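Whole structure, please, built from the sequences with the hints as guidance.
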Amino acid sequence: MPERLRQLLPSVLSVLLALGVCWALIALTMEPGTATKAYLQMLWGGIGNWPAYLEGAAATVITRPLGEAAMKAALLTLTGLSVAVAFKVGLFNIGAQGQMLLGALAAAVVGAHVTLPGVLHVPAALLGAALAGAAWAGIAGLLRIYRGVHEVISTIMLNWVALSLVDNWLVVGPLRGAAEGGQSITGTAEIQATAVLPRLLGDGSRLNLGFPLALAAALAVWVWLTRTRSGFETRAVGLGAEAARAAGIPVARRMGLAMALAGAMAGLAGAVLVLGTEGRYPGTLGAPYGFDGIAIALIGNNHPLGATVSALFFGVLRAGGTRMQLLGVHKSFPELIQGLALLFVAGRMVWLALLRRRNVAPAASAEVPRA
Amino acid sequence: MLDVLHSLLFSTLDAAPALIFAALGAVLSERAGVIAVGTEGMMRVGAFCAAVAALAMPTPLAVVMGMLAGAALAGVHGFLSIRWRSDQVVSGIALNLVALAGGTFLLESLYGPNGTPPIQQLARWNIPGLSGVPVLGALSGHSAPTYLALVLPFVFQGLLTRTPLGLRLRAVGDKPQAVATLGLSVPGLRWGAVLGSGLLAGLGGAVLSTAVLDRFEQHTPAGLGFMALAAMVFGRWTPVGAFLAAAFFAFGNALRIGLVSSAPGLVELIPQGVLLALPYLLTLGVLALQGQRSSAPAALGTPYEQESR
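Residue numbers (numbering that gives the first Met the number 0), protein chains in the order written: chain A, 0 to 370; chain B, 0 to 308.
Just so you know, these hints were derived from the structure itself, not from any lab.
Bear in mind that the values here come from a model prediction, so they are computed numbers and not experimental data.
Hints should not be assumed to be uniformly reliable.
Claimed, not checked - Partial selection, computed: residues in chain B whose CB lies under 7 Å from chain A:
1) 273
2) 280
3) 284
As the list claims (entries may be wrong) - Chain B is nowhere near these chain A residues, computed Cβ spacing over 10 Å in every case:
4) 11
5) 230
6) 276
Just so you know, even glycine gets a beta-carbon here, dropped at the ideal spot from N, CA and C.
This is how it looks when you write it as structure tokens:
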């Protein structure tokens with residue numbers, strides 16, 4: 000088996016195993032028939048109900064689910080990229096959630112309070128979000144570079160600082176939107192029409208510009224990492240900071256830049272959520288896409304394109320998850336599948352050992368697999 | 000004034016134990032060199048299992064069930080990170096995600112969205128003669144975990160700094176190779192520490208659903224596991240330090256809640272969100288000032304490989 004393919008196997012097998020375990024979980028708590036039906040609902044809710052369409056239903060049975068899936072996939076791709084980029088330089092970015100909150104807030108402020116012509120407004124809001132996310136991640140980067148503070152601890156702390164400051168102060172205090180028509184609203188003021196990400200498939204589907212934007216970002220990160228000098232240096236730092244330093248690579252600068260880029264990606268996720276679907280920073284951002292990004296990146300083997308593929312897959316599951324409620328399965332079920340898949344991916348060494356025993360001559364099986 | 004102090008102290012003593020136990024667990028695990036990001040998940044599992052068990056058995060026994068559940072999750076963490084030398088942060092985060100989504104799924108499919116049915120809370124102990132004393136009287140009227148939480152950190156501190164086992168545990172987190180050359184088992188010691196941290200985090204979670212509340216709520220423990228990590232860092236990875244930090248955070252929280260209800264004017268001046276962010280900001284500040292390398296265990300997060308001795 001080619002080496003590259005074997006690298007992919009643990010992820011694929013983990014996802015399949017997670018799907019199987021979760022199927023068994025529904026089958027045990029309800030009925031086996033319900034489990035299969037729920038999985039089918041999840042599939043139709045994610046990629047569109049093709050059987051119904053072929054029997055003559057309107058095209059929206061396809062475009063609406065696809066729009067939901069694409070919307071979720073865009074967010075997961077961007078947060079997944081955020082985690083993956085940091086990984087490439089050897090840092091573990093647990094702070095994508097906080098960076099996303101800041102990005103979402105920046106996008107909401109620029110979208111609502113800055114008046115710009117249509118062509119410029121969306122890019123300005125996106126830029127503001129990227130900068131806000133980058134700055135928040137930059138704090139963790141600086142603490143790591145200059146004070147040796149481990150980024151896992153600092154980004155966890157920064158997540159909670161962001162959550163407290165944004166959700167419990169700014170959004171309910173200084174930045175709270177003014178009452179509209181005598182009705183007080185939760186969240187910030189609504190963004191102007193010029194800042195809304197345009198929809199691509201008309202009103203029947205929420206598919207918007209955010210999706211191609213996320214795919215383009217993934218492609219750009221991949222090109223940067225594999226085809227440019229600074230990308231190469233970044234990967235070199237991730238593989239061994241001391242060796243990279245000895246080779247004359249500016250380790251601190253590469254770390255700082257990669258962390259800022261990671262924050263920018265998470266910030267963009269916040270912007271896509273606010274400009275594409277919410278229309279404002281809501282009372283609370285809800286789903287923890289930033290934490291999902293960790294799972295997405297790791298299941299995608301920390302590769303920008305791998306993360307995109309896993310984001311597309313889980314985007315479909317997550318969009319379909321809401322349909323499972325029709326059968327009494329809670330809509331957070333796909334998150335359980337995702338968590339279990341990450342747990343199995345964490346057992347990568349187990350997979351590799353299992354695969355090795357079967358595929359390689361017995362002499363090698365005595366050797367303990369290494370990281 | 001004394002009344003205010005009394006009620007502040009009382010609610011701190013009620014709320015702090017969960018945080019203290021979880022922080023102690025995190026200290027135990029990290030001093031042995033295994034990162035404890037999964038604390039939040041272990042607390043959640045402990046809280047859930049204790050609440051469900053308490054529907055069928057006496058509450059103290061249910062708390063033990065919660066502890067065992069936390070240890071079971073820690074067992075998965077140990078299997079992945081000690082036996083298979085996986086990345087400890089990845090394994091911990093995965094456990095958090097599984098506990099978060101799995102808890103929601105089981106709760107919704109078994110009891111509906113409003114949490115488990117109410118259970119019998121742990122009994123509160125009244126210390127005779129203390130109830131009438133001003134301020135000190137706040138010590139009376141808590142359930143058993145509160146008193147345990149006031150003693151256990153000092154026991155742990157003694158264990159860690161004054162006994163051979165404690166020396167070995169610290170050594171396994173700082174320089175596992177040295178422990179191995181003495182003929183001791185590095186994986187064995189780390190397993191013990193990780194399972195112990197699971198028991199403690201599970202206890203912390205169980206306290207939440209059997210003493211602080213009387214049920215398992217959807218969002219339990221709502222980030223308390225991460226605050227336990229903050230307390231551990233703030234307390235510079237020592238049991239008593241983590242205890243003091245956890246008690247300080249819990250007191251700050253009680254003060255905040257007290258202020259919101261009694262002095263809304265002050266909350267206008269210093270917004271709640273800023274107060275909520277304070278523990279984490281303080282932790283970041285301490286880290287920025289002293290640098291982490293000076294106090295974190297040297298081999299934290301590094302899987303032990305026999306060949307690399």
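For each hint, the structure was consulted:
1. 273: holds, 6 Å
2. 280: The hint holds - residue 280(B) has a Cβ within 7 Å of chain A, the shortest such distance being about 6 Å.
3. 284: Given a least distance of 10 Å, the restraint on residue 284(B) is violated.
4. 11: holds, 17 Å
5. 230: holds, 23 Å
6. 276: Holds, since 22 Å exceeds 10 Å.
The structure fails hint 3 only (numbered hints given earlier).
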